[in-house]
Structures are given as C-alpha cells and as structure tokens.
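So the working numbering is basically just the index in the sequence shown, starting at one, shifted up by 52.
Don't take every hint at face value.
What the hints assert, rightly or not - Lysine to aspartate or glutamate pairs mimicking EDC-like chemistry, simulated, CA-CA at most 20 Å apart:
| # | residue 1 | residue 2 |
| --- | --- | --- |
| 1 | Lys218 | Asp200 |
| 2 | Lys172 | Asp200 |
| 3 | Lys217 | Asp200 |
| 4 | Lys131 | Glu96 |
Claimed, not checked - Derived DEER-like restraints, expressed as beta-carbon distance ranges:
| # | residue 1 | residue 2 | range |
| --- | --- | --- | --- |
| 5 | Lys217 | Ile154 | 23 to 31 Å |
| 6 | Arg158 | Arg208 | 38 to 46 Å |
| 7 | Val127 | Val90 | 17 to 25 Å |
| 8 | Ile235 | Lys172 | 33 to 41 Å |
| 9 | Thr195 | Lys215 | 41 to 49 Å |
Worth flagging that the hints you see were computed from the coordinates, not collected in a lab.
Ideal Cβ positions, reconstructed from N, Cα and C, are used throughout, including at glycine.
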Amino acid sequence: EKEVKDIEKKEPEPKKVVSPTVKNETTSESIEDMQKKVIQTLVEKSKSKEHKKVVKAKSKEIKKAEKPKKPQYRVITVKKGDTLASISKRFYGNPMKFKRIIRANRDIKRASAHLRLGQKIIVPIVTSKKTDKKITKKRRMVTVRKGDTLASIAKRFYGDSSKYKKIVNANYKIKNEHTPLHIGQKIYVPR
C-alpha cells in the first residue's frame with residue numbers, strides 16, 4: 053500500500069508507455085521499478101479525458117464496420133415479352149431508365165438489343181430513399197382514351213397543348229407528334 057501511495061505522490065512523468073524489457077543486468081528491483089512505472093502510466097491514462105475519446109472513436113468505427121452492406125443490384129431472369137423498357141418500368145417506374153440496366157450488363161450493348169428467354173441480367177437497385185421518392189413522384193402512366201391526342205393529353209396534364217413534345221421525348225414508342233395513339237395504349241407523361 054505504501055508503494056502505491058508513493059507512486060501517486062510522485063510527479064507525473066512524460067506520457068509515454070514504458071514496457072518492461074529484461075536485459076542481462078536486470079535485477080528483481082529494477083523489474084519492480086519498471087512495473088511501477090507501467091502501472092503509473094496506465095493509471096494516468098485511464099484518468100485522462102484523451103483515453104475516453106480514443107475509446108469512443110474506436111467503438112464508432114467498429115459499429116460502422118459491423119453493418120452488412122445491402123446488395124447494390126438484383127439478378128433477374130428474362131421472361132417472355134420482356135424488353136429493357138418493360139424491365140425498367142417494372143423496377144424503376146419509368147421505361148426510359150433502361151440505360152441503368154445497359155450500364156450494368158456488359159453483354160447488352162444498346163437499347164435495341166434482343167433479350168433471350170431465360171437470360172440472366174443485372175438490374176441495379178436504387179439505394180437512395182430520395183431517389184425512390186422521386187421515381188414514384190415522377191411516375192405517371194396514362195391510358196389513352198377515345199379522342200385523345202398528344203396535344204389534348206399535354207393540355208390535360210400541363211395546361212398547355214404545345215408541351216406535347218415532353219410526352220414524345222419520354223416515350224420511345226412515340227417517334228414524333230404524328231405517331232397515332234391507340235385506345236388503351238399506356239404512355240408515360242412526365243411531371
């Protein structure tokens with residue numbers, strides 16, 4: 053007990069960790085002295101605020117490392133009638149987002165590529181919740197009714213019939229303003 057009190061009364065030494073190393077000339081007294089120094093250093097470190105900061109930082113790093121990552125893509129099998137646009141519409145809500153699928157698959161070179169029945173393709177997952185909200189917010193599929201034209205649909209959704217070009221640009225099946233629309237046809241009307 054006296055030795056511990058003596059250690060506490062001594063002036064603190066510079067902050068460096070001393071590890072006992074045994075040399076040829078080492079005696080049991082010198083080993084005890086080294087052990088006292090190590091104990092004193094550890095006591096000082098445990099009382100300091102720096103020690104607590106280090107422990108907190110390490111615990112945060114460990115928590116981050118333990119989180120398993122979600123896969124950034126899904127692999128799907130092409131079914132009968134699937135096209136890049138239909139797959140894009142199914143997973144992203146917009147047939148025009150097919151470029152994401154093309155970028156993820158090396159064997160698909162362009163939008164007009166024919167998909168084989170049973171072919172496995174990678175569909176990237178949209179990870180951001182903001183992006184998911186944008187997709188559902190911007191997604192608007194309209195069924196063509198009797199008497200509808202591109203201009204009348206533009207007037208109904210935009211309040212201006214001259215904005216039909218937005219609809220033409222958003223639908224790959226509609227080549228220009230003269231492309232006929234069919235009753236029951238589904239077209240994408242961007243917001």
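Each hint tested on the structure:
1. For the hint linking Lys218 to Asp200, the alpha-carbon distance of about 16 Å falls within 20 Å, and the restraint holds.
2. Between Lys172 and Asp200 the CA atoms are separated by roughly 38 Å; this puts the pair beyond 20 Å, and the hint is violated.
3. For a cut-off of 20 Å, the pair hint linking Lys217 to Asp200 stands: about 15 Å separates their Cα positions.
4. For the hint pairing Lys131 with Glu96, the CA-to-CA distance comes to about 69 Å; that exceeds 20 Å, so the pair is violated.
5. Taken as a hint, the range 23 to 31 Å holds for the pair Lys217 and Ile154, whose Cβ atoms sit roughly 25 Å apart.
6. The hinted range of 38 to 46 Å is satisfied by Arg158 and Arg208, whose Cβ atoms lie roughly 42 Å apart.
7. Checked against the hint of 17 to 25 Å, the C-beta distance between Val127 and Val90 comes to roughly 56 Å, which is inconsistent with it.
8. Distance hint check: the CB atoms of Ile235 and Lys172 are about 37 Å apart, consistent with the given range 33 to 41 Å.
9. Checked against the hint of 41 to 49 Å, the C-beta distance between Thr195 and Lys215 comes to roughly 19 Å, which is inconsistent with it.
The structure fails to meet hints 2, 4, 7 and 9 from the earlier list, while all remaining hints are met.
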